[in-house]
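Undergrad: Top to bottom, those sequences are chains A and B.
Whatever position you read off the first sequence (first residue = 1), add 440 for the working numbering.
Whatever position you read off the second sequence (first residue = 1), add 171 for the working numbering.
The hints are simulated quantities; they were obtained by calculation from the structure and are not laboratory data.
None of the values given here were measured: they were computed from a predicted structure.
Just to be clear, a hint being listed does not mean it is correct.
One side of the interface only, derived from the structure: several residues of chain B facing chain A at Cβ under 10 Å [what the hints assert, rightly or not]: (1) Ile179; (2) Arg182; (3) Gln186; (4) Arg189; (5) Asp190; (6) Thr193; (7) Leu196; (8) Ala198; (9) Gln248; (10) Gly249; (11) Leu251; (12) Met255; (13) Ser257; (14) Lys325; (15) Asp386; (16) Lys389.
Pairwise CB distance ranges, derived in the manner of DEER restraints [what the hints assert, rightly or not]: (17) Phe328/B with Ser456/A: 29 to 37 Å; (18) Leu299/B with Gly628/A: 53 to 61 Å; (19) Leu207/B with Ser456/A: 55 to 63 Å; (20) Ser514/A with Val290/B: 48 to 56 Å; (21) Asp652/A with Met172/B: 42 to 50 Å; (22) Asp386/B with Lys553/A: 47 to 55 Å.
Just so you know, even glycine gets a beta-carbon here, dropped at the ideal spot from N, CA and C.
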Amino acid sequence: MPESSSGPAVEVNKLSFAYGRQKVLDELSLEVPGGISFGLLGPNGAGKTTLIRLLVGLLRARAGTILTLGRKPSPKIAHLIGYMPQLPSLYAELSVIQNVEFFARIYRLRDRKQRAQRVEAVIRLVDLWEHRNKSVTNLSGGMKQRASLACAIVHNPPLLFLDEPTVGLDPELRVTFWKYFSALTRQGATLVISSHTMDDAAHCDRLAFMRDGRVIALGSPDELRQATGQEEATLEDAFLYFIKHGGVNKNVQ
Amino acid sequence: MSSSTLVIASRIINQLIRDRRTIILIAVVPLVIASLVGVSVPDKSILDYTAPAILAVLILFFGFLLTGISFLRERSQGTLERLMASPVSRLDIVGGYLLGFLLFAVLQTMVLFFYLIYVLNVNYYGDLWQILVFQVLIGIGAVCMGTFFSVLAKNEFQMVQFIPMIIVPQMFLCGLLWPVSQMPEYLQWLANVLPMTYGVEGIRALMMQGQNLLDIGKDVGVLAAYAVGLLILTAVTMRRGAG
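Bound conformation, chain A alone (with noise of 0.2 Å):
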């Protein structure tokens, strides 16, 4: 794992974000510590998929601090994130190794051995090896997902940014995709993981629950179902109780 800061891998400070008129964050602040899984919980329209952007480097925040691994984004920590956008976004055209090839030399990893082995290693975490050399126009759905996240990782990053990376998975590549996550945080990776379902947020170290471009909740998910006070509340009747009750950036821990 490429160097990283001590500190939290994210301190976000009152941040705030409108695309002209329209408000999407609004004085947002939250924390990420190092080396687990966040989740950004929230309906679509939440800010979510903004807030990933500002936390790459892609937007500028109108008002507010952003700190990713200690530093404000810019192209000179790029090399320590990984961004799995929405869409798979990836070359047609060219095969998956081609892909993640292309991607390994982006983020500079030069020589060429290690950097053939790192991208058999990430192509072969993500189950594709049998189909490296298809082009990406002949992959599902879920392949072209799985081919995504591998151009996301292959320069092994410490901190992860996963914008919806499960939407539109079947239940059981879901499970896998979490078994990639879950191998990711062990080897000290931290990951920010955006999604709209609760079944994402239960596989979550610690969770923000999102609501018109504000944070609702932070916690873990126990945290945040024993905050409604009923004893088998799932994540999705916290969601709700937060609605109704939570004020703004309520911290349950």
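Use these hints to put chain B onto chain A, whose structure you have.
TA: The following block gives chain B in isolation, referenced to the frame of chain A:
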């Protein structure tokens, strides 16, 4: 030139090589158009006058179209966003596109040039290498123009609309069909601010009058200035494009 520029250029070349139908179209379509012009002109001297302009205009047209659509696809399929989140700079991305597509522009020029000379028997007097260098310069301008306008377009449909808006007026006003000096004064003024006018003027001077690149320094300078200006504009406006 950074290594990322070369990595992006080699990826573009790989992509096009794997898309055989596009490669065939790149090679064949200009020849079909040149043949149509070649067999339809009533007088051989008209073909000698028109052929250099066809060479320049077709490189502009295909360079613009290919690069524009490819760059737009890079945005619409999300790969540009992925690149923008990586350590590569915007200039690396535009530079990579420039290099990658330039190779195809040079190949297209050579195929078309030899077809005009050896199949359609067009006369020329200049040095082949100087003609190629000048064509490469037009190709660079076309690639820069394609990437710049693709940043402004939101989808392929809008990009195609830029052809009648940006390319067709240049084809009519550049002197392809009749000399710029015979146009109304206000059209001459318009023609003189369009890069293709200098492309056609330069390539005619090289092929028909046997002049060299130094003799057509003004044309070379204007085309180079356009290319650099568009390159910078593309790099500056690209963040918006990725968004």
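Undergrad: A separate judgement is required for each hint: does it hold in the structure or not?
TA: Evaluated hints:
1. Hint status for Ile179/B relative to chain A: holds, with the closest Cβ pair at about 8 Å, below 10 Å.
2. The interface hint given for Arg182/B holds, since its Cβ lies 5 Å from the closest Cβ of chain A, which is under the 10 Å cut-off.
3. At about 5 Å, the closest approach between the beta carbon of Gln186/B and any beta carbon in chain A falls short of 10 Å, and the interface hint on this residue holds.
4. Interface restraint check: Arg189/B against chain A, minimum CB-CB distance 5 Å, threshold 10 Å, status holds.
5. Nearest Cβ of chain A to the Cβ of Asp190/B: about 5 Å, under the 10 Å cut. The hint holds.
6. Given the 10 Å rule on beta carbons, the hint for Thr193/B holds: about 9 Å separates it from the nearest Cβ of chain A.
7. The beta carbon of Leu196/B comes no nearer than 14 Å to any beta carbon in chain A, farther than 10 Å, and the hint placing it at the interface is violated.
8. Interface restraint check: Ala198/B against chain A, minimum CB-CB distance 18 Å, threshold 10 Å, status violated.
9. With 10 Å as the threshold, the beta carbon of Gln248/B comes within range of chain A, its nearest partner Cβ sitting at about 6 Å, so the hint holds.
10. Look at Gly249/B: its Cβ gets to within about 3 Å of chain A, closer than 10 Å, so that hint holds up.
11. Here the hint on Leu251/B is kept, as its CB sits about 9 Å from the closest CB of chain A, short of 10 Å.
12. For Met255/B, the interface hint holds, the least distance from its beta-carbon to any beta-carbon of chain A being 6 Å, beneath 10 Å.
13. Interface hint status for Ser257/B: upheld, as the beta-carbon distance to the closest one in chain A is roughly 5 Å, under 10 Å.
14. For Lys325/B, the suggested interface contact is broken, since its CB lies about 15 Å from the closest CB of chain A, more than 10 Å.
15. Interface hint status for Asp386/B: violated, as the beta-carbon distance to the closest one in chain A is roughly 42 Å, over 10 Å.
16. For the restraint placing Lys389/B at the interface with chain A, the shortest Cβ-Cβ distance is roughly 38 Å, beyond the 10 Å limit, so the hint is violated.
17. A beta carbon spacing of about 35 Å between Phe328/B and Ser456/A agrees with the range 29 to 37 Å that was offered as a hint.
18. Between Leu299/B and Gly628/A, the C-beta spacing of about 59 Å keeps the proposed range 53 to 61 Å intact.
19. Between Leu207/B and Ser456/A the beta carbon distance is about 59 Å. The supplied range of 55 to 63 Å therefore holds.
20. For Ser514/A paired with Val290/B, a C-beta distance near 55 Å keeps the hint of 48 to 56 Å intact.
21. Separation of Asp652/A from Met172/B is about 47 Å and conforms to the stated range, judged on CB atoms against 42 to 50 Å.
22. For the hinted restraint 47 to 55 Å between Asp386/B and Lys553/A, the CB-CB distance of approximately 52 Å keeps it satisfied.
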